[in-house]
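Under the numbering used here, the first residue of the sequence shown is numbered 1, with each subsequent residue one higher.
The set of hints was computed from the structure by calculation and includes no laboratory data.
Since the model is a prediction, treat every value here as computed from it, not as a measurement.
Among the clues, some could well be false.
Dumping the calculated DSBU-like pairs for lysine-lysine here, alpha-carbon to alpha-carbon at most 35 Å [to be verified]:
| id | residue 1 | residue 2 |
| --- | --- | --- |
| 1 | Lys974 | Lys83 |
| 2 | Lys783 | Lys767 |
| 3 | Lys559 | Lys783 |
| 4 | Lys767 | Lys82 |
| 5 | Lys818 | Lys783 |
| 6 | Lys764 | Lys83 |
| 7 | Lys982 | Lys818 |
| 8 | Lys112 | Lys767 |
| 9 | Lys825 | Lys767 |
| 10 | Lys965 | Lys825 |
| 11 | Lys559 | Lys580 |
| 12 | Lys83 | Lys112 |
Using C-beta positions, here's what the derived DEER-type ranges look like [claimed, not checked]:
| id | residue 1 | residue 2 | range |
| --- | --- | --- | --- |
| 13 | Ser512 | Gly849 | 44 to 54 Å |
| 14 | Tyr836 | Gly908 | 22 to 32 Å |
| 15 | Asp149 | Pro632 | 43 to 53 Å |
| 16 | Glu233 | Pro167 | 14 to 24 Å |
| 17 | Phe422 | Ser256 | 26 to 36 Å |
| 18 | Thr670 | Arg870 | 39 to 49 Å |
Each residue gets a CB set at the ideal place from its N, CA and C atoms; glycine is no exception.
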Amino acid sequence: MEMNNLKDAFNKLKYGEDAFQELMRWRIRRVILVLPHYDAWILEHDAKLSDQIVGEYHQLNLTTVPRLITVSDGEEALEMLKKQPFDLMIIGVRVGELSSGELAEKAKQLQKDLAVLMLLSSRSDLAAIEGGHPEGNMHIDARFLWTGDSRLFLAMIKYVEDLRNAPDDTEDGRVGVLMVVEDSIPFYSAYLPLLYGEIMTQTQRLIAEEMNDSDKYWRMRTRPKVLLARTWEEAVRLGERYREALIGIVSDVAFSRGGGIDERAGFSLVERLRDLEVNVPVLFQSSDDSLAPDARKHGARFQGKLSGNLHRGIRRFLLEELGFGDFVFCSPDGKELKRVRTLRDFELAIGNLPVESILYHAERDDYSRWMAAHGEYQVARRIKPLRSGDFPTPESHREFLVRSFREVRESRHRGRLLDFRFDNPGAPGSMVRYGSGSLGGKGRGLAFFNALLNTSPWEDYFSPLRVEIPQTLIIATGEFDRFLEEGDLPPVGPVDDLTLRRSFLDTNLPDSLLDVLQAFSESQSGPLAVRSSALLEDSQSIPFAGVYDTYMIPDVSDKRERMRLLTDAVRLVWASTYSKEAAAYRDSLGVGMEEEKMAVIIQKVTGSEHGGYWFPRLSGTAQSMNYYPVGPMDREDGAARIAIGLGHSVVGGDRGFLFSPRYPTVSWCTEEDRWREGQIHFWAIKTESTGAELISGESSTLEQLTIRDAENLGVLRHMASTWDSVGHRLVDGIGSPGPRVVDFRDILGYEWLPLASLLGQLLKIAKTAMGIPVELEFSLDWKGDFPDDAIFSLLQVRPLVSQVGPQASVPDCPEDSKLLLRSGKSLGHGVIEDIYDVIWVDPDLYDPGFTETLRDEVASLMDQLAEEHRHTVLIGPGRWGSSDRLLGIPVSWAQVRQARLIVEVARGPGDPEPSQGSHFFHNLVASGVGYAHVSSSSSGDLVDWEFLRNNSRGSGIVRLARFEKALQIVMDGKNGLTWIVK
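Generate coordinates for the entire structure from the input sequences, incorporating the hints supplied.
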């Protein structure tokens, strides 16, 4: 499937061939902001504009997030418009040499369908727009005032989309129109975000069982259009044009009419529209409360602008006047029999009410009108033309209605994030949400891709693999807030991590949450993974990968023990929000604790039981960007790292097998290197971990097994070769004696399973859908020796934050004698000239058996530099941040926070290849820290160890070298080179 058809395929399968499919065909996809540097910076950093828009659209499950491009003046904007199409231009008052009106006029000459809105940065700008070029000002479609509410941008986008889509979408009464009449820029700039937000809330309220992120996409298409009129004449024109679609009016009383202010224009407008037989609910709002009696005389509600109850007044108007309420079943004589609010209750009521009532409402078209008014166009079109005479018996008519409603409800649950229900706590393939608040970073990504994978015909592209997201329960951030408030947590004052965890474990979970966890646990067979999903986790601008805890809950036979472990895991994930490592990491990024909240993801663990252990055949990560391409590879070809067993091995930086999905047989190393560097152990869940105490750490329910164990358990076939020590080569399979080398030869070389092509497809889909480079975490399992029932589980999708590409030129590299270090494999770009310190690990004294001690020494030196407000270069053997202490020093990200450049030095054969795919490396890249790998096999790489020794104190393994003259660190991002000049 071509990626440019991704959205069409998504919509077609998700919504079917119905009237609603054609709604909102015009969407804003590209936005150009023309703002001074300062204003643009404030919006991006203070309002977090990009994250807000991406978050809003992902929460609404919209597949194409508008792309924002910012320029600083009008001339630059016009040059951009000559090269690329845009849907919306948002301009400031000051746009360079051109006036804003001139810019708008010239912009529309270049792109006639371009919408142009003006954003005023302060109230003082209101005076500035009074003058200017009147003809040019005519080309500005509307003006808004920045109020500090980031929802204003969503309202501005929806305002333009509604204006463009209303003519087509309101045909045949498919969508209603709510008209807003207001001429005050400050007021409608604050009012429209409030109104849009309330409409979203109330439209989703109508179907309680489908109040989930996926259904927001559906609801937003069928919600009423909000059209803004700023004069009496404009309001009359809108009223006449949309008289059949108009469902309500929200109007000021005094506004412009005939070029001047008419103090009673609102009342006159309503009278004019009622002369046209437009009889709809009206809400007048004004700062003059004395107008309330006149509003009531016109049969309208009144709301004071300054009353403080504006939000409540809007909510009541939508709920009580605009038909967002219940359906009332009546008998033929008008007696009320039952009220229903949800589609599921509607279905149940029709199945149980007297048939006379069912037929009464059918003959009146009540069902089709109520369902269409609430966005259920598919079922409305199906039942509208049918009458009692079209069915052999009244009961068959009832059965048809029940069946129709059920089919619509079930089809709309496919790929949805459902609200938790005790009667369906964990349906196969579903994602369930409990609690208010956010899903967190991981939760949003999973919810989005659950919808995407389940609502598009990908099966033909993935066969014979079955791609799924495991059954998932997401506990939203509202439960985190409630737990902290009721338990008076976290503890006041500085406490160590162990005390912190105990304080959380000593606090009871709310009874309602316990009931939910119990129901979900009992609905699932097999182990459960309890993962963090913090607000900032997997953010585009702030990585937070691997900073918080994850726990594995075995499927122990004692249900009470399983429940104990599950509830402990939830509390410990919450506790990890306040751990010293998380706090230090936030401090290093300048992020306050008040910005973070924690949701929790509970997932069924993909895998099978083998000899008392549970694990998938393999797990891994895949990135759409390859940092170290070799041979025919390009960076855009991506890279993946896989390992036998749980993904703990890969994301923790342990040994794994690295390959490019496009070139799976092209190796980064020789066959002998594969033997030396290959995976030697893997992680599994102990199926009976009775008595395990999660407070001791994330691995308390896990077991580290060897590759020999994997062979003894019968799971190594198709994933390993044998090293021929005589011929110094790898032999396919494990049929001959010799050391086993995990290289997945059958899968990658012979395509026993099409894993490489699948990863290539998924990365392409994910990158296209999210609009940015991505990283996937996944697992793969199959039964026996046959691939027919293989299940590929997508566990996580996150933005892959890459360092900014090269901008400025860098100096040439001097001769070797002037260099402290040179690397031919590095990341980062630029020149750093304020570093006087190097923390380094002596390779001659380095012993892999004592890396945990060395970690503490590195952390101590980093603390010293932090107190002195100094930064450093960090140089050491092996892989920094690996959870396998034999591969390198297992530091956490917070323990190396003062490093501006981190260098990994290979000492010889058997050392790991350059880092790629671990949480530590992800955070390194996203934080803009330079990275370099010094290879033992490259003649161009070097480290002047003697120079470091001569400038260091002491003789320990970990030392601090300090220089009177600053080092010059040069990172050439274009060529992947880094060097340090003495």
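Here's how the hints hold up against the structure:
With a C-alpha separation of about 26 Å, the suggested pairing of Lys974 with Lys83 holds against the 35 Å cut-off. Of the supplied pair hints, the one linking Lys783 and Lys767 holds, its CA atoms being roughly 31 Å apart against a limit of 35 Å. With a C-alpha separation of about 27 Å, the suggested pair Lys559 and Lys783 falls inside the 35 Å cut-off, and the hint holds. For the given pair, Lys767 sits about 27 Å from Lys82 by alpha-carbon distance, which is consistent with the 35 Å threshold.
Proposed proximity of Lys818 and Lys783 is contradicted: the alpha carbons are some 59 Å apart, above 35 Å. A threshold of 35 Å between alpha carbons decides the hint, and for Lys764 with Lys83 the separation of about 25 Å falls inside it, so the pair holds. The suggested pairing of Lys982 with Lys818 holds, with an alpha-carbon distance near 6 Å, which does not exceed 35 Å. With a C-alpha separation of about 31 Å, the suggested pair Lys112 and Lys767 falls inside the 35 Å cut-off, and the hint holds.
Proximity of Lys825 to Lys767 is assessed by CA-CA distance (about 25 Å); at most 35 Å being required, the pair is judged to hold. Simply put, Lys965 and Lys825 have alpha-carbon atoms about 26 Å apart, close enough for the 35 Å limit, and the pair holds. The straight-line distance between the Cα atoms of Lys559 and Lys580 is roughly 33 Å, inside the 35 Å bound, and the hint therefore holds. With a C-alpha separation of about 14 Å, the suggested pairing of Lys83 with Lys112 holds against the 35 Å cut-off.
Ser512 and Gly849 have their C-beta atoms about 50 Å apart, which keeps the hinted 44 to 54 Å range intact. At roughly 31 Å, the beta carbons of Tyr836 and Gly908 sit within the given window of 22 to 32 Å. Hint check: Asp149 to Pro632, Cβ distance near 50 Å, so the stated range 43 to 53 Å holds. Remark: the range hint 14 to 24 Å for Glu233 to Pro167 is upheld by a beta-carbon distance near 19 Å.
Remark: the range hint 26 to 36 Å for Phe422 to Ser256 is contradicted by a beta-carbon distance near 55 Å. Evaluation of the 39 to 49 Å hint for Thr670 and Arg870 yields a pass: the beta carbon distance comes to about 41 Å.
When the structure is compared with the earlier hints, violations turn up for hints 5 and 17 and for no others.
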